[in-house]
Amino acid sequence: MPVDFTKLEAVLGINRRNIELIGKLNPRTSFPVVDNKVLTKRVLNGGGVPTAETLGIIENFTQIEEVIDRLTPLSEFVVKPARGRAGGGILLLEKTDRDVWKTPSGTEVSREALRKHAADILFGVYSFGRTDDAVLIEERIVPNPFFKEIYGNGIADVRIITLDNDPVVAMARIPTSKSDGKANIHQGALGVAIELATGITTHAAAFGKPIDAHPDTDHPILGLRIPLWDRIVEISEVASELVDLGYIGVDIVVDERRGPLVLELNARPGLQIQVVNGKGLMPMLEGKLS
Amino acid sequence: MAMAVKETGFLPGITAFVMVIGITVLVRIPLEKLGMLHTPKLAVMMIVVILSLLALTVVSDLSGWESFSTIGAATLFPIAILTITSERFAITVSEEGLKTALLTMAQTLIVMAVCFVVMSSVALQAIFIAFPELLLGVTAINLWLGNWTGIRLSEMVRFRSLYAG
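Those protein sequences? They're chains A and B, same order as listed.
Read in order, the letters of the first sequence are residues 1 to 290 in my numbering.
Read in order, the letters of the second sequence are residues 1001 to 1165 in my numbering.
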């Protein structure tokens, strides 16, 4: 295979990311805020950045019963570990006619099972044994019809990487049947690169290979304009200003009713966005790297 | 892990590793049905691991298959790490499927085997005992590698679509 060395030099590798970006721009003292969704939301909301509404927080075992009692009348909600990674331990629950909930894939979750899941989170099952994890219960996001039309299951999001609070690259992550409704590229979600200035989709990849339509629905995915794009870019800037981190991934969902909401911040954004873009990140970073 | 295998001998060590993972995956199924909490579940799994290693030692002793009796002698065999590894394996199976879990395990086994071969080299052991200052050279290589900001070999494969001419 012929190698284009200019293109090869444009590729950002994990070593350079760790040493020159995360190591130099992201002070470790700022990690705790982004690694804990409860703290992240507090900082974001304090600075006026909208997030999904919090319905309850469980920080120790004695609160489990009481919080589940409060959830019982609700028709739907989401349960997350505050310190979870890559979507582990997240339950989307919808009430059935009986006294049980069910997940999007139809698995029934009894009150017992929910109590056990909350206890598992507190025990650190989803945070590599950390005993200070908490259970975060949030309202369910209803994706904007734009994303629902491309693929109806799960929730798509937009990842914007900012360098010194300036957006440098963006992509949408759209779930597929393979990713089981999750917007995680490594689990098989479709990545769609977005031009920052216009919000128009330019390139896409699934499982590391370029693609031009959603693999399940065949819905075309290139040349589309992401709804509320200016607002999405704006909140990514405000969100990164609120934390003392120079290189972060801001994950944003577009709710049908409330518009763009920040889902979480990532202090170690991945490199797969380059494959989604079809080109290396270095040229986009270089003008701003001192 | 490779250190532990060095202690027990290659085949017994690898057998024990695979056996422990296999047994804990099986034990985890009924424990999961009981809806047990995480820490007590780990404790039960650890007991099963210890008992199975003990059983392996006794059986090998009775059957006269000498090589496996070293498992019991290996005080360094990191049982706790092994149990946590098994737990992670089981979580990977449930979250990302058996295929991913087995692939990860295969990678671990390969790395273990390579490290074992390197560490077992008599020539290497002799050289480093005779010339301990060579370790300074190893340190230098590591310091150099520690500041290497270029592309890794694995990334040449991962990002090949980005630099094709």
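Derived from the structure by calculation, the hints contain no laboratory data.
There's no promise every hint is true.
Derived list of chain A stretches under chain B, where covered just means 3 residues or more per stretch with a C-beta under 8 Å from a C-beta of chain B [what the hints assert, rightly or not]:
id : stretch
1  : 15-26
2  : 99-106
3  : 208-220
4  : 277-287
Straight-line Cα separation of at most 20 Å, EDC-like style, residue types lysine to aspartate or glutamate; simulated pairs [said to hold, decoys possible]:
id : chain 1 : residue 1 : chain 2 : residue 2
5  : B       : LYS1099   : A       : ASP180
6  : A       : LYS148    : A       : GLU286
7  : A       : LYS279    : B       : GLU1155
A few chain A residues that don't get close to chain B, going by computed Cβ distances all over 10 Å [to be verified]:
id : residue
8  : ASP4
9  : VAL78
10 : ASP255
11 : GLN274
Keep in mind it's a predicted model, so treat the numbers as computed, not measured.
Note that the Cβ used here is the ideal one computed from N, Cα and C, for glycine as well.
Hint by hint, work out which the structure violates, then give me just those numbers in ascending order. Result: hints 2, 6, 8 and 11 break, sorted rising.
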